[in-house]
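Novice: Sequence:
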Amino acid sequence: MKKRSVILDCDPGQDDAIAILLALSSEEEIELLGITTVAGNVPLALTESNARRICELANRPDVKVFAGARQPLMRPLVTAEWIHGRTGIDGADLPDPTMPLQSQHAVDFIIETCMAADDKSITLCPIGPMTNIALAMMKEPGIVPKIQEVVCMGGAIKELGNTTPAAEFNIYVDPQAAKIVLDAGVDFTMMPLDVTHKALVTPERLKRMTDLDSPVGDVCGGMLDYFNRFDMTRYGFDGGPLHDPCVIAYLLDPELFSGRKVFLDIEIGSELTMGQTLADWWDIQEKTPNAYICDALNVDGFFNLLIDRLARFS
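To convert, note that position 217 of the sequence shown is 268 in my numbering; the numbers rise steadily by one, no gaps.
What the hints contain is simulated information worked out from the structure, not anything from laboratory work. Hints may be right or wrong, so weigh each one.
As the list claims (entries may be wrong) - When the alpha-carbon atoms are kept at most 20 Å apart in a straight line, the in silico EDC-like pairs for lysine to aspartate or glutamate are as follows: (1) 209 x 170; (2) 53 x 191; (3) 312 x 331; (4) 115 x 163; (5) 53 x 170.
None of the values given here were measured: they were computed from a predicted structure.
Take these sequences, add in the hints, and give me the full structure.
Specialist: Rendered as structure tokens:
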């Protein structure tokens, strides 16, 4: 497998934190060019701080972290402290970061990095609202040919929404940004709730993390024990879903996932269904497919990969 050059755009979030750790533990497959943060699960000041906390937990203070957009393109910011806790990574109990936040704005870092790269060589991985990616595309359309693929976590196809009856959180927070990225014409792969709701951190899987007997394993266990409670209570799941690490796992082993290439659109006009991701699963409209949407997961393979990589921090 050819090594991917990746920019990870995130809003940590416990599941974002696990995704960062998975990326940092996979240097053979992923060249992590930088981590960009956006307001989403919690405000920007917390997401950029949380990203640096996780890098320091992994003993990777060399990773460059950039702060980006403080609010969506056209709508008031919606956050999710009621799921992730006041800090966004409640359960982690990590000290304030000492590694520096980069002075460059995340959007400018994305543009500069893409423009310096070969065509179709950069993989963008937005696992929060896509505000930074959309702003970069609007400010410098020349980055579009440089993008190999956008692999995102967001949306719901046959699954119901988790923020409104129609919409998943990441898309709902900034649906206009998501539509700009989708409509840019880049290769677009989406991990919706249909697949992430299969990646459940059951008590047995949580124990596999704490049994690693390492600072990373203990922090992952604490974060996910906190994070699990909401979804287990609301949905009656056997554990909480690990949404965002599905994006990184797809880069590492795409055969863990299966899905379908379809025509996808995003609702930005109706307040009732704002942020709904509409996939023409049965090709009713006979439009050219513009997205690969995953809806199935080898769950055991996913968690074996994740635990194996987290064990590298032991």
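Novice: Given the hinted pair residue 53 and residue 191, is their Cα-Cα distance within 20 Å?
Specialist: violated, 27 Å
Novice: Please verify whether residue 209 and residue 170 have alpha carbons no more than 20 Å apart.
Specialist: Roughly 34 Å between the alpha carbons, so the hint for residue 209 and residue 170 is violated.
Novice: Regarding the pair residue 53 and residue 170, is the alpha-carbon distance no greater than 20 Å?
Specialist: holds, 15 Å
Novice: Is it true that the CA of residue 312 sits at most 20 Å from the CA of residue 331?
Specialist: The given pair, whose Cα atoms are some 10 Å apart, holds under the 20 Å limit.
Novice: Given the hint that residue 115 pairs with residue 163, does the C-alpha gap stay at or below 20 Å?
Specialist: Answer holds: residue 115 to residue 163 is near 14 Å, not above 20 Å.
Hints 1, 2, counting from the list given before, are not met by this structure.
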